[in-house]
Amino acid sequence: MENPISLSRKTILITGASSGIGKCIAIMTSKMEAKVIITARREEMLKETLVEMHDNENSYVVADLSMQEDIDTLVDQLPKLDGIVHCAGVGSRQLCKFVTREELDRVIGANFIAPVMLQTAILAKKKINKGGSIVFIASHGAAVPTVANSIYSASKAAIISYANCLALEVAQREIRVNCISPGMVWTDLIVRDGLDEETLKENEKTYPLGRYGKPEDIAPLVVYLLSDVSQWMTTTNIKISGGN
Amino acid sequence: MDLQEFIINFAYQFEDADSSEIKAETEFKELDEWGSLTTLGVIAMVKTEYEKTVTGAEIRSCTTVEDLFHLLEKK
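In the order they appear, the protein sequences are chains A and B. For the first sequence, position 138 (counting from the first letter as 1) is numbered 138 according to the working numbering, and the numbering increases by one without interruption. For the second sequence, position 51 (counting from the first letter as 1) is numbered 51 according to the working numbering, and the numbering increases by one without interruption.
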């Protein structure tokens, strides 16, 4: 029997593929035989990701998705896609009373405006095939409030709402749109933005499965959503959070 | 860094405590209002007012407000 979740003959675009969850998704989708195009801002790190990927004529495009010009240049270069994984994003930890306009612009810009405008360009330039699959990496934080997480949570809730409406608009072409909402995953994103490692390790113990996630915990779910076995799934937001 | 100014900035992170009660020798972890929220407030205040980074663990390692002031001075 052929592997039902094989991605062979599929072309997939992955944003935020230079590190963390995005990098892991890039490696795993290539190993599932997809032809993968990865994008991020930092060329050196994209090259490092590419080295770890299974070689199926994969390629990379350097792009800063906060710049409309970069989005347009990226999309012009793309072949027709069977899958898109919107993984690029930034973290933020700030009490409500310390929120600044700059921080709000940074977080909403990276986590909401950038993926929306990329998706707009992909649709407008007809770069997604019938039967394709679009996956947004959101966050469990969108549904569950935690202290100092207001802007980040709101940015992820916004992308989930957007994804649900997008799903309705593309359903006629059998294109599916789903979100994944991970709990805390050990990546630079959570370590860099505010909470120290000791606090995180203490919090990790409160997870029913006893630990935060690893990028390898998330990537197989993305593969599943990109594959044809999930062809009757759309407008879903899947929580994956070690029981938290 | 000025100690008196730091004490004012530190005390400002408390919503209900009488800020005149917070002095250099105050053992801040004993204050009723001390907790994770005030810790995060102090971390953010140190970053915005002094452009320095301090962790929750470092703050917890101090006993008095002045201890924290000296810890930040060395950064």
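Treat the hints with caution; some may be incorrect.
What the hints assert, rightly or not - Partial pick of chain A residues on the chain B-facing surface, computed with a CB cut under 8 Å:
1) Glu52
2) Val90
3) Cys96
4) Thr146
5) Ala148
6) Asp196
7) Thr199
8) Leu200
Stated by the list, open to error - Think about it this way: if two alpha-carbon atoms lie no more than 25 Å apart in a straight line, the pair counts; the simulated BS3-like pairs of lysine-lysine are:
9) A:Lys201 to B:Lys23
10) B:Lys52 to A:Lys97
11) A:Lys35 to A:Lys214
12) A:Lys201 to B:Lys47
13) A:Lys31 to A:Lys80
No lab work stands behind these hints: they were computed from the structure. All C-beta atoms in this analysis are idealised placements derived from N, C-alpha and C, irrespective of residue type, glycine included.
Structure-inconsistent hints, enumerated in ascending order
1, 2, 3, 4, 8 and 9
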